[in-house]
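Between the sequences and the hints, there should be enough to build the whole structure, so can you do that?
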Amino acid sequence: MITEAGHFALALALFVALAQAGLGLYGAQRGDKGLMAAASGAGVALLLLVGVAFAALTHAYVISDFSLVNVASNSHSAKPMLYKISGVWGNHEGSLLLWLTILALFGGVVAIFGKGLPPSLKARVVGVQGLVAGAFAAFILFTSNPFARIARPPMDGNGLNPLLQDPGLAFHPPFLYLGYVGFSIAFSFAIAALIEGKVDAAWARWVRPWTLAAWVFLTLGIALGSWWAYYELGWGGWWYWDPVENASFMPWLAGTALLHSALVVEKRDALKSWTILLSILTFSLSLLGTFLVRSGVITSVHSFASDPGRGLFILAMLAAVVGGSLMLYAIRAPGLKSGGLFQPISREGGLLFNNLIMSTAAGSVLLGTLYPLFVDALGGGKVSVGPPFFNSVFVPLMVPLIVSMAIGPMLTWKRGDLWTVLKRLKFVFAAALVFAGIVWLLAGGKMGDLAAAGGMALAAWLLLGSLWELGERALLFKAPWAEALVRVRQIPLAAWGMTLAHGGLALAILGVVGSSSWVEERIQNMKIGETVRLHDVDVLLESVEEVPGPNYGALKGTFLLSRDGKELLRLSPERRQYQTPPRPTSETAIHSTWLGDYYTVISEPAPGGSYVTRFYWQPLIPWLWAGALVMALGGLVSLLDRRHRVGVPVGRRTK
Amino acid sequence: MKNRWAYLLPVILFLGLLGFFTRGLFLDPRAIPSVMIDKPAPQMDLAALPGRGDTGLKTEHLKGQVSLVNIFGSWCVSCVAEHPYLMKIKAQKIVPIMGIDWRDDPVQGALWLQKNGDPYDRVGVDPAPGHASVDFGVTGAPESFIVDKEGRIRYKHVGIIDDRVWSEILLPIIRELQK
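Chains V and R, in that order, are what the protein sequence lines are.
Each residue of the first sequence is one higher than the last, beginning at -15 in the numbering used here.
Each residue of the second sequence is one higher than the last, beginning at 16 in the numbering used here.
It is possible that some hints are incorrect.
[Claimed, not checked] Here are the simulated lysine-lysine pairs, BS3-like style, with alpha carbons at most 25 Å apart:
| id | chain 1 | residue 1 | chain 2 | residue 2 |
| --- | --- | --- | --- | --- |
| 1 | V | K540 | R | K130 |
| 2 | V | K511 | R | K78 |
| 3 | V | K540 | V | K550 |
| 4 | R | K54 | R | K164 |
| 5 | V | K99 | V | K17 |
| 6 | R | K105 | R | K164 |
[As the list claims (entries may be wrong)] Some chain V residues judged to face chain R by a derived CB distance under 8 Å, without partners named:
| id | residue |
| --- | --- |
| 7 | D253 |
| 8 | G307 |
| 9 | M311 |
The set of hints was computed from the structure by calculation and includes no laboratory data.
For clarity, every value in this text was computed on a predicted model and none was experimentally measured.
Just so it is clear, CB atoms sit at the ideal spot from N, CA and C, and this is done for glycine as well.
This is how it looks when you write it as structure tokens:
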């Protein structure tokens, strides 16, 4: 009964979304206040209906209602409750419903709280949201219905892929989707602005917080996914340039560019048509990501729906949404009045430089991801593009970007003086070199490590440069302490946010460079009582025992780590054999320190009473996740800035 | 405006991309065509696994009945996942399963079968570099081929055999060929 109510609500949602689109767009064209208000009402109704549908599906998962195809093929009664719930979006149909739910949520928030917006702009934004929501609702209902029933329900379900039964991955999709779908607001604002033919600072002030919020979620989502890959796949890697990872990375790159270019629109009234294009592209890349993952166009270890029928639908949707909006852009964008001019060496110039690199990076990832498809479609056979391509493209792009990231924020608007800024940064430059030199010597001072030392210098340059900029704002070390303290208090949250985000990237670079340059790997057959040397510790296999889990059986190894004969701690990785579906997984055991991770894995027993074990020393890798968190925190802090509150929902603090 | 055409560039690029997507949608990313389909299985004479008691696998063994030729190896992780299903197929006694222990050390292969169970009627070892199997059209493990009564290769499946692959694809073909 509850299931049918959910199904019905979803069907109704399709029509409400279409009504929302029609009312909003037509109402704004006519200037009809009644129609425009009705569009907002439809937005709220859509949120309620989709919410009911999502709740109904969740309910079916919680009570393990195997009369639903979706529940039967993805859940199991013996699964822990957390994974019953995360199972809702751990499959194609459910994850699309989550997409739609978040889309309706954002549309509803604009409809309810967007009172400060010009009525016609708001109606158009809500209308475009309705259009996208309608397309998704139709896609779910016609090709991927999560509410489909089976005539003869099975006694139990097929279970969820055990790799996905993990807290990191339980929350990965919601964050990712909050990011993807959050960019839909920037998209809707861009389309609305193109229809209105007006882009100004007020427009940018509305778009920026939304983009920022979406960016924060996407950053966290990607970091969670990467962290999961690190500890769950058991190979010590954290990024595989897998098409599905790229699908989330491309909108992130484009969204990062958008954040910075919207800043220029807001502050200087320049780069308007470029910002509009970026808004369209960022959301298009989110849709494209969905297409790539869901249609099976590109093989990937993650993909769980390979079906040309669905693919064709998404393709049609992509053609309509992206093609339509780019066409609109081609027609309307030339008419946008361009605003303030600036010199190449200026704050705007720096932000534009960021934009060029970020878009080039997004373009290269797109090219690398789609290249196998291009070759195959042209009859060239099957090829795969791997990490070597991406690394060789990415590193040369990121180096100048990172160098400029410490300089850009110090340039003045309109026309800057590069030489003065460089002189202000001379201590930072020296400190970065010294830091890199020390790290290089500590790592053994080998010639082969010079590139890695360069990476360390970049990270230090960016971290110290960002802090230096903040210090100069406060006149730290120049003014008396009391005055500096007052000045620190006066630094706007947005500036703190920037420093955190840039500094976070610097920390992440430490992790990336450290783990990719100085990783140590030990793979061997071990008997109980044997010891293996890993980096600076001895790893002793103490015992192996069989332990039962709720829906799996596990082989649990206990390793004793000791340094110079002194016991440090014990790590207990497991190898789990799940029953439904029958799949083995590795539960790694990791000990994190400030300098790196000790990472242990136990695999299947080998003949002769020994076990295959793998150990990794992953230097500096905890800084990668810490850096991603700090970046997201930076976005959050910036979002709290009072100046942004114009754009966020009219809430507690506004008068 | 003089550079009005530049604004058309994004949509033109996108349309090109769309063309590729449409084409790509109808290509199966996993389908690797086997040039050997409908051709007689090539000549091969593979040695037996130690302690297994058969005489290895020769081309002649593939004639006279429909058989499922399965490529595995003790080094192959996915084969572990596939293995229980092969044991089930063996228990149903529908079709003989011929194993090719590919690019493997015979001792390791034999130990692997001892540990995981042995679903095969015959097993031949094709040690590295594994040319005999490459002639057969093998690109990786696990892979499975359906060979008809005349010893011609009729179907190739890349990847793990599971419930769906077996009941929806392989079994109907085998039933048809067994008529």
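- Numbers of unmet hints, in rising order: Hints 2, 7 contradicted; others consistent.
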